[in-house]
Each structure stands twice: as structure tokens, then as C-alpha cells.
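Chemist: Chain by chain, the residues run as shown.
There are 2 protein chains.
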Amino acid sequence: MNKTGKPRAGAGAAKVPAATATPARNRQPAETKLAELKRRLLEISDLAAARSVLRWDQATYMPRGGAHARARQGATLSRLAHEKSVDTALGTLLDQLAPYAAGLPYDSDEASLIRIARRDFEKAIKLPSAYVARASALGSASYDAWTRARPANDFAAMLPFLEKAVDLSREYAGFFAPYQHVADPLIDAAEEGMTTASVRSLFAELRSKLIPIVRAICDQPVPGDGCLRGSFSEPAQLGFSLSVVKQFGYDTDRGRLDKTLHPFCTKFSSGDVRITTRVDEKHFGDALFSTMHECGHALYEQGVAAALEGTPLGMGTSAGVHESQSRLWENLVGRGRAFWEHFCPVLRDTFPDQFRQTGFESFYRAINKVQRSLIRTDADEVTYNLHIMMRFDLELELLEGHLHVKDLPEAWRARMQADLGVAPGDDRDGCLQDVHWYGGTGTVGGGFQSYTIGNILSAQFYAAAVKAHPDIPLEIAKGEFGTLRGWLREQLYQHGRKFQPSEVVMRATGGPMSTTPYLVYLREKYGELYRLDLAPLPEHLQNYVPCAAA
Amino acid sequence: MNKTGKPRAGAGAAKVPAATATPARNRQPAETKLAELKRRLLEISDLAAARSVLRWDQATYMPRGGAHARARQGATLSRLAHEKSVDTALGTLLDQLAPYAAGLPYDSDEASLIRIARRDFEKAIKLPSAYVARASALGSASYDAWTRARPANDFAAMLPFLEKAVDLSREYAGFFAPYQHVADPLIDAAEEGMTTASVRSLFAELRSKLIPIVRAICDQPVPGDGCLRGSFSEPAQLGFSLSVVKQFGYDTDRGRLDKTLHPFCTKFSSGDVRITTRVDEKHFGDALFSTMHECGHALYEQGVAAALEGTPLGMGTSAGVHESQSRLWENLVGRGRAFWEHFCPVLRDTFPDQFRQTGFESFYRAINKVQRSLIRTDADEVTYNLHIMMRFDLELELLEGHLHVKDLPEAWRARMQADLGVAPGDDRDGCLQDVHWYGGTGTVGGGFQSYTIGNILSAQFYAAAVKAHPDIPLEIAKGEFGTLRGWLREQLYQHGRKFQPSEVVMRATGGPMSTTPYLVYLREKYGELYRLDLAPLPEHLQNYVPCAAA
Numbered sequence: 104m105n106k107t108g109k110p111r112a113g114a115g116a117a118k119v120p121a122a123t124a125t126p127a128r129n130r131q132p133a134e135t136k137l138a139e140l141k142r143r144l145l146e147i148s149d150l151a152a153a154r155s156v157l158r159w160d161q162a163t164y165m166p167r168g169g170a171h172a173r174a175r176q177g178a179t180l181s182r183l184a185h186e187k188s189v190d191t192a193l194g195t196l197l198d199q200l201a202p203y204a205a206g207l208p209y210d211s212d213e214a215s216l217i218r219i220a221r222r223d224f225e226k227a228i229k230l231p232s233a234y235v236a237r238a239s240a241l242g243s244a245s246y247d248a249w250t251r252a253r254p255a256n257d258f259a260a261m262l263p264f265l266e267k268a269v270d271l272s273r274e275y276a277g278f279f280a281p282y283q284h285v286a287d288p289l290i291d292a293a294e295e296g297m298t299t300a301s302v303r304s305l306f307a308e309l310r311s312k313l314i315p316i317v318r319a320i321c322d323q324p325v326p327g328d329g330c331l332r333g334s335f336s337e338p339a340q341l342g343f344s345l346s347v348v349k350q351f352g353y354d355t356d357r358g359r360l361d362k363t364l365h366p367f368c369t370k371f372s373s374g375d376v377r378i379t380t381r382v383d384e385k386h387f388g389d390a391l392f393s394t395m396h397e398c399g400h401a402l403y404e405q406g407v408a409a410a411l412e413g414t415p416l417g418m419g420t421s422a423g424v425h426e427s428q429s430r431l432w433e434n435l436v437g438r439g440r441a442f443w444e445h446f447c448p449v450l451r452d453t454f455p456d457q458f459r460q461t462g463f464e465s466f467y468r469a470i471n472k473v474q475r476s477l478i479r480t481d482a483d484e485v486t487y488n489l490h491i492m493m494r495f496d497l498e499l500e501l502l503e504g505h506l507h508v509k510d511l512p513e514a515w516r517a518r519m520q521a522d523l524g525v526a527p528g529d530d531r532d533g534c535l536q537d538v539h540w541y542g543g544t545g546t547v548g549g550g551f552q553s554y555t556i557g558n559i560l561s562a563q564f565y566a567a568a569v570k571a572h573p574d575i576p577l578e579i580a581k582g583e584f585g586t587l588r589g590w591l592r593e594q595l596y597q598h599g600r601k602f603q604p605s606e607v608v609m610r611a612t613g614g615p616m617s618t619t620p621y622l623v624y625l626r627e628k629y630g631e632l633y634r635l636d637l638a639p640l641p642e643h644l645q646n647y648v649p650c651a652a653a
Numbered sequence: 104m105n106k107t108g109k110p111r112a113g114a115g116a117a118k119v120p121a122a123t124a125t126p127a128r129n130r131q132p133a134e135t136k137l138a139e140l141k142r143r144l145l146e147i148s149d150l151a152a153a154r155s156v157l158r159w160d161q162a163t164y165m166p167r168g169g170a171h172a173r174a175r176q177g178a179t180l181s182r183l184a185h186e187k188s189v190d191t192a193l194g195t196l197l198d199q200l201a202p203y204a205a206g207l208p209y210d211s212d213e214a215s216l217i218r219i220a221r222r223d224f225e226k227a228i229k230l231p232s233a234y235v236a237r238a239s240a241l242g243s244a245s246y247d248a249w250t251r252a253r254p255a256n257d258f259a260a261m262l263p264f265l266e267k268a269v270d271l272s273r274e275y276a277g278f279f280a281p282y283q284h285v286a287d288p289l290i291d292a293a294e295e296g297m298t299t300a301s302v303r304s305l306f307a308e309l310r311s312k313l314i315p316i317v318r319a320i321c322d323q324p325v326p327g328d329g330c331l332r333g334s335f336s337e338p339a340q341l342g343f344s345l346s347v348v349k350q351f352g353y354d355t356d357r358g359r360l361d362k363t364l365h366p367f368c369t370k371f372s373s374g375d376v377r378i379t380t381r382v383d384e385k386h387f388g389d390a391l392f393s394t395m396h397e398c399g400h401a402l403y404e405q406g407v408a409a410a411l412e413g414t415p416l417g418m419g420t421s422a423g424v425h426e427s428q429s430r431l432w433e434n435l436v437g438r439g440r441a442f443w444e445h446f447c448p449v450l451r452d453t454f455p456d457q458f459r460q461t462g463f464e465s466f467y468r469a470i471n472k473v474q475r476s477l478i479r480t481d482a483d484e485v486t487y488n489l490h491i492m493m494r495f496d497l498e499l500e501l502l503e504g505h506l507h508v509k510d511l512p513e514a515w516r517a518r519m520q521a522d523l524g525v526a527p528g529d530d531r532d533g534c535l536q537d538v539h540w541y542g543g544t545g546t547v548g549g550g551f552q553s554y555t556i557g558n559i560l561s562a563q564f565y566a567a568a569v570k571a572h573p574d575i576p577l578e579i580a581k582g583e584f585g586t587l588r589g590w591l592r593e594q595l596y597q598h599g600r601k602f603q604p605s606e607v608v609m610r611a612t613g614g615p616m617s618t619t620p621y622l623v624y625l626r627e628k629y630g631e632l633y634r635l636d637l638a639p640l641p642e643h644l645q646n647y648v649p650c651a652a653a
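Protein sequences, first through last, are from chains C and G. Counting from 104, one number per residue, gives the positions in the first sequence under the working numbering. Counting from 104, one number per residue, gives the positions in the second sequence under the working numbering.
A couple of the hints might just be wrong.
Far from chain G, by Cβ distances over 12 Å, these chain C residues were calculated [claimed, not checked]:
1. 146
2. 149
3. 153
4. 206
5. 224
6. 234
7. 235
8. 301
9. 305
10. 367
11. 384
12. 493
13. 518
14. 536
15. 593
16. 641
Between beta-carbon pairs, the in silico distance windows are [as the list claims (entries may be wrong)]:
17. G:304 x C:191: 22 to 28 Å
18. G:364 x C:381: 26 to 32 Å
19. C:229 x G:174: 33 to 39 Å
20. C:610 x G:277: 58 to 64 Å
21. G:277 x C:381: 37 to 43 Å
Here are the simulated BS3-like pairs of lysine-lysine, each with C-alpha atoms no more than 27 Å apart in a straight line [stated by the list, open to error]:
22. C:229 x C:187
23. C:570 x C:581
24. C:141 x G:187
25. C:349 x G:362
26. G:581 x G:349
27. G:187 x G:229
28. C:187 x G:141
29. C:362 x G:349
30. C:362 x G:362
31. C:136 x C:226
32. C:187 x G:136
33. C:226 x C:141
34. G:229 x G:136
35. C:312 x C:267
36. C:267 x C:509
37. G:312 x G:472
38. G:349 x G:267
Keep in mind the hints are simulated off the structure, nothing from the lab. We treat Cβ as the ideally placed atom computed from N, Cα and C, and that holds for glycine.
Please model the entire structure based on the sequences and the hints provided.
Modeler: Shown next, in the form of C-alpha cells:
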């Protein structure tokens, strides 16, 4: 049958009475409806991509005079995309396609598309437009205030915004009631399938095993990192960073590297996945590791199967799984001994004056220095998770009402002292340091846990890759990354959002999320680096996550 | 009355019966309807601005892998903007606001907004969506084919596309029937109020006076321009170009300069008007004059009154008037003797090795060299108009059906020989050289005349500015442009699209469009440069358009 509902002429065309009680559109075959579904989803995807181009431009090249109109233009695109996402015709199509999807294999592109589009639709329609507009407005106003309040160390200025954000977060949760914990809907939005309880249990386990490692390291003298300070020209740093990520496999025919204040990765299509970095000409490291980090996100997005382009499946599956890839390439690969066995000579060629005197071990220790510190984004990969857990716990207390916003600065200092043995002298380096509670969606909660989930999964994915291809560390030591990237693409990247995070982990690693690979990795790497006297690992875990080339 | 139609409480609120036969929206005051009109127009403007950001990005930084999806994303935004432009609710609002507008001064912002929005709406609804989609698809496909056909000198490949474009152009005209000439609706789309007859008459007059000047110049030896060839680094050329246009008054807090293949100016908001240029490191001039040219467009757009932002009035009034500004700043100012009196020393400081040996006169003659040539975009300001007139006449013949597409290459050669005394050896340098007939809106006609109208008006506006402020040439010779820019802003830029081209010319210069200032300018400048033996000007026209500083 064609789109007008008239039977097609020719052999094999079903004879259908010209007029029945069923509306014409209901009698269309599933393929026609699927095409209509894809057309609608593609339009939403195009609007979202245009929105992303506007954001990228704002963060890279936009003259400052453009800010006012740009905020409005972006909001217009977001609103139009939201209107189309909650169109009742979309819901009707998804209803009509349910029986068709039920007959398809679970992991087929079509069944996955209908399943995920249905889930997105159910979530979107729970949020009243007025709520979305209010939350977006609060996010913008709060972010604007925060850009001034943080440098001024003015928590009082942020108090009313943060109180409203906590209220909005509870209101958000209310749209998804019933729930076990008020943070559950916020966590689920970032990490589908996870709950407050499951994150708490995961973090408690990690924490109990992480604290002894942190203590053991912090008993040792802090290694020097003076070799990273000096004069490192911006073009040389950008050139070196780009050459590294191209060797990782970042395709610059389908991407590019630019400078921004806060590095990020953004996708406009499978053929256009961009990364940004920042450069400090007096310090080597930040530009490179930020570039590697964003490249991890970009490899994921560039690796999504072309067939999923322009659909809700055409992107990575969750914040935590995405973060696992930025961490894997930045830390497990980029801060690893094997990597620098190949790249140290290249680095010395690029910066001969700066690194002539620097031995391999000094450099390696400098880029892996562990230190109790105040600022999350500057933290090393060992103590980083303590920063996250603290934020996660504090936001639960805020949402539960056990902690009042006005008491946050003091609660922050107390927890920093308890967990990290240092406390900020002011709120600028304390509870004002992260943008998460002061901007974006205008809500609090559900944002931080993904960083630690990413750390945990980065080691789990890497261990599974090395189990499948034991030569990976040797290849890395030769500056080759094809086998690792190929495995990740096959197991993870190509599927986009077809599977939930837990399904992805199970399919790729053969088991549920586990802290073991990550803890083994930290023990092995930092045990060797800091000559720690840790209890020996059980035999089956030795060489489980190889840090060094054989 | 508020939006719900209920009378407002409080003193002075009109007493209106709670329920009448009139729908609530009709009983809203004009201010409410005007706000609703502006809201709808702003949404269309936001979509158009986002579309422009996508185009700018594509022309500057987009990796090549992004092209496929970008074409689709741009088309989606265009389609959504068109849908909103022809929304019947918009027409109803405009109907309801007509009596209100009639009571306002013609040149008030509100009356102008309602008048121009009405005119745009009437034009937009005449075009069926299916036609818009077909024309856009032909334009894309034809442009894509042209990018290969031109270098391959393959006119045969473009024949079917051009035939379709001619058909589409006739179809376009049909939507606006009745008309006197089939090209009238196409010309009106670019130059509101002009017709085939009025352009023909304007061109005939200009042509009759231009030909003797061209002949006289071409009887003289061609001046050398070897001083413009050498090695001119890209950063130095871009830096010099940017410093010049900043001195013109281009505000880089509300704009920026980037590199592209084909230079252009684009506006995302009054706070973000960008220009692009191209650089040939072996030739000095193209980068600078392209930058000046685009800066002329940008000064116009940066000068539109902020109150018109986000409405159909918030841009320049027509292609020809816009072009008058790019030509004015590029040619009347930027290729003038006064300008270089100030800038030659700056140029020698920037390129000391390249210009040490070059005298002022040699340089000035080199950048103003007149020559019979094959390529429009490389033509000097004297012969340029002959290229335009030829294209204008040929497209009229195509649209009238007097010239068949297959005979175009031969007609082109014959006309080149007759008008310019040179003929192309192939179609690459002949009828395939310009993109206009092979891309864009998928139509032929209405595109070329604006260039010559721009040339004519550039001198007319400049003459009026100097009449009002006789010191302008002296200021230019000191590198000062504020008086000229201020006059243009006052007379022209601030009004945006409030007035038709003919109204703008009348208001700013006190008379209708006239070829006299332009011809006087050419005679004065090139008479002096080439020591031509031209009949003396009548006394009232002497110093009418001063080319040199006093």
C-alpha cells in the first residue's frame, strides 16, 4: 500500500477495499511507519546538531558581542527540538510500531531504535514545557551569576540559586514518582538503570579499598614535577597533542582540534566530531592530557555505526560509559609507561631544550604525581574519586533535606578534611569550584557519579581488551593503537545507544561492572611507582591490567 | 486587556463585556498583537541566524567529512523557517494589525515592521512548498555538478541542469503573474521596485557613456603591476587587511575575519557580523581588497539600528544597495589616491622588502590597472560593468526563449568579442565561470544586475556624503573615516530594510538613482590615471566626486 492508502496496482498487491473504517495511516505497513518515525527523529537530531554547532562556535570563535543573541538562538532551537520530541504523533507512531518491534531481534537496529525512541519519548513527555523553560532559565541565570561569584568567593550570592536548584531537582524527581530515593530519577537520566542505592554500594566498596592505597602513597615523599614547568609554545603543544591523538586513531577528516577555556568534545554528525583543548605555555601536560581525554570521547562518537546516524542511537550510551573512554585513552594509555616508551623520544624532538635534561623516570613520575589537593579537575587519578564521592554524598544530603544549602560550605570543609586531609581556605576553592550545581539544567544531583563510574569502567574495558589481545601493551609501546581501538569499536563504539550501560559492560567484558580491574590497575601502577608495601594480589589477578609493556 | 481576553482591573481599564461573539484573540489590543508578531518573526530570524552559522562554519572550519550531514541540517532549518514564514496565523496577525499600522507614521519602526513583514509574507505564500523544495534540490545538485564541470570545461554536463533552472525561473515568475517581462519577479526579489525595463534603460544609458571611456583607456599601454607579485606571508596580509578595516570602523568585538575560498559577509546578530577573505601569498591585493569589500557589507550590517534586531527590518535593504557599500569602501575609498597617501607608508612598514623599490604612482597604477579580460571577478572597476550587462542580456534572452541553453557558449563568445574585444578559448573561462546560474536558488535571472547597480550607487552615495561633509577626502588622506561612516550610518545603515531601495536613494542623496556621479568618478579618476583626452565636464560636475585629496 502506498502513502495515500490506495492499494498499489500490479502483481502481489493486496486487495483492500477502497474505503474502510480504519484511518488510512493505520493501514500503512510498518516500513512506512518506521520511515516516518526516522524522518521525525532525524528532524529532532538536525535541530540538536545545529544547537551544538552554535555552542561550539560560542566556545571557540564567537566575538563577545554575539553572546546575547546567541543565548536566545540556542534556546529557540532547544525549544523547537523539545516540541518535536513530545509531539503526540511521535507517540502514536511508536505505539503502532510496538508489535512490529516485538517481532524483531532485540539487538537489531530497528528494534533498538523503536525501544530507545520509546524510552526517550516516555521521559520527555513527563516533563511539562513550563518546567523545562523554568529549569533552563534558572540554569542560565545561575551560571551567569556563578561566573562572577566564584572569582569573588561569594557563596552568599549563589545561595538563592542553589536553593532553587535543589527545589527544581526535587520537582524533577516528582515527575518520575514513585521512586526509592529522590535522586534516583536524576541518576537514571545520566546512567540509565543505576540508582542511588547501586551507586552508594559501588562507591562504598571502592572507597574501602582505595583509602589504604591513598594513605600508603601519601606517606611517601611527593615527587618533583619541575620538568613540566618552563616555556612550551602554544603551536608546539597543539601540534604535539594533535599528532598523538591522530596516532590514537582520531580522524581529522571527520574532526578538528580547537582552543577553548573548558575543553570538550561535540558531535554534529558521524563525519564531524570535534574536540577542544586549552594551552598553558608555562606548563606542559594540561593541553596534551585534555586533548587525549576529549579524543577518547571523540573515538567513541566517530566509531558509532554509520547506520545509526541521525537517530537517538547515534551517540554513546551514557555519561559513565562515555567517561570510561576519555579516561581509558587519557590515563590507562596516555599516562602509561608503555605509551611514553614510544613517545618520550618524540617529545624530546619536539621540545629539545625543555626536556634534554629530563630522564624517563622523572618525567613519568611527574605526569603521575599523586597529591592530596583541593581542586577536583587538577586531581590525580588516585585521589580523584574521593572528590567525586564527597560531592555525590553532599548532593544526596541536600536532596534529602538533611543538609541545608546555607550549611554547605562548612560541610564541604569538614568532609575535605576527613577524606583528603586538606580543607579549602575559601569557597572559591571549595563548594564554588565546580559548575555542575550552578548551571546547565538548573538541577543538582546525577552529575558527578559518572566520573568515577568512568574510572572504574576504563580499567574493566581495558582489561577485557588485553585479555582478548595480549599484545596490546606491546603495540602501545611501539606507538600502535589499532588493535585496542578496533576492539573498543567492535565491542562498544559501533553500538551507539543501542544497549543500556549494564548491557554494554556485560557484552564487552563478560560480567557486570566491577571495581576489581580498576583497583588492580591502581595497585600495580602506583605500587610500582611509589614502591608501596601492599599486600600481594591473588595469583589470578596478577597481570590482570598490565600497566607496563612486557 | 491581557492575553486571556479578560479586562484588566484598575483605573483606566476599558470595560468590555465578558463574552461577545468576537474570539478573544481579536479583542486583544494592537500592542499585544504586535508583540505576538515580533515573537513569531524573532523565531524565524533565530532559525535563519542558526542557518547562517552553519553556512559560515562550513565555509571556514568544517572538516570535509561534515559536508553530507551539514547539507541536510541546513535544509531542515531552512524548511522550518519557511514553514513558520507562511503560517496562516502570521497572515491573520498582519491583517489584524493593518488598521493600527495605518495610524502610525510611515517611517516609524512599527509601521515599517508591519509593512515589510506583510510584503515578505505575501511573497512567501505565493511559492508552494513543493516548488521551494524542488528549486532547492536543483540548486544543490547543480552546484555539486558545477564544482566538477567547471574545472573539466564540461558545459555539456551542465546543459540539463541549466535547462531545468531556466524552466524553474519561468515557473517562479508564473507565481507572480501578471508581469510585463518574465524576469520582472526575479529582479524584484533582489531589487524591490525595479523591473526589466528600468534596468535595461539604466544599463543602456550607462553603457553608451562607458564604452568611450573603456576605448580611450584601452588605447593606452597597459601599466605594469609586477610590484604586486612576490612573497607576501599570509599572517602579514591578514594582519594588514584587518588593521585597515578596523580603521574603517569595523568593530571586531562584534565581528571577526577568517579565511575562505570565496569571501563573504554574514550576520548572526547585530553583535556578530563576520567577514571572510582569501589569501594568495604570491600576490598582494586580493586579500586586502576582498577584506575591504566584505567590510563594506559588514559596516552596513553593524550599523543597522539595534531596535530592528531580530525582525525582517534588521538587515540591509537590497542586493544593489548592499553592493554599493562594499564597492564604496573597496573602490572609492580603498583604491583611491587619498587612502594610499596615508596607507602607503604603513604598507612599506609591513612589507619593507617587497615595496622598498616601489614608488607611490607605480603602486597606485598597479592596483587600478584597467584591462580587457575574460573573468568577471578579476575585472577592474571600469570594464566590470560590461561583464555584468552581457550576463544580464543573455539571461533575459534565455528566459524569453530567444536563446537556447545549448547555444549559450557561442552567444557568450560572440558577445565577449563584441563588448570587450576578447573571447574565451573554452567555457571554463566563458559561460561556466560564475556560479550564479548553477547553484543557489536553482533559478536564472535577477542576480547580476545588482553588481552594476551597486557600482552606480556607490558613487552617488559617496558624492552626497562629500557634499554634506567636504572634508571627507582630506580625512581619508589622514586615515580617518569617521565622518564618512557616520554619514552613511545616519542616512543608510541605521534604517535596515525599513525603506525600499528607491526610497533610500532619494532620502540619502536627494534624487533618484543616477549614473552621473559614477561616470564622473570614472572619468576623473581614470582620465587622470591614463591622461585621457576626454571632453571636459560641465562646470557643475567638476569636483562632483572628488577622487584625490585636495
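Chemist: Now look at each hint and say whether the structure bears it out.
Modeler: Now for the hints, and whether the structure bears them out:
no., hint, in the structure
1, 146, "6 Å, violated"
2, 149, "4 Å, violated"
3, 153, "5 Å, violated"
4, 206, "31 Å, holds"
5, 224, "20 Å, holds"
6, 234, "20 Å, holds"
7, 235, "17 Å, holds"
8, 301, "37 Å, holds"
9, 305, "37 Å, holds"
10, 367, "16 Å, holds"
11, 384, "19 Å, holds"
12, 493, "39 Å, holds"
13, 518, "43 Å, holds"
14, 536, "30 Å, holds"
15, 593, "21 Å, holds"
16, 641, "47 Å, holds"
17, G:304 x C:191: 22 to 28 Å, "58 Å, violated"
18, G:364 x C:381: 26 to 32 Å, "30 Å, holds"
19, C:229 x G:174: 33 to 39 Å, "35 Å, holds"
20, C:610 x G:277: 58 to 64 Å, "59 Å, holds"
21, G:277 x C:381: 37 to 43 Å, "57 Å, violated"
22, C:229 x C:187, "14 Å, holds"
23, C:570 x C:581, "19 Å, holds"
24, C:141 x G:187, "22 Å, holds"
25, C:349 x G:362, "24 Å, holds"
26, G:581 x G:349, "15 Å, holds"
27, G:187 x G:229, "14 Å, holds"
28, C:187 x G:141, "22 Å, holds"
29, C:362 x G:349, "24 Å, holds"
30, C:362 x G:362, "17 Å, holds"
31, C:136 x C:226, "22 Å, holds"
32, C:187 x G:136, "26 Å, holds"
33, C:226 x C:141, "19 Å, holds"
34, G:229 x G:136, "24 Å, holds"
35, C:312 x C:267, "37 Å, violated"
36, C:267 x C:509, "12 Å, holds"
37, G:312 x G:472, "20 Å, holds"
38, G:349 x G:267, "44 Å, violated"
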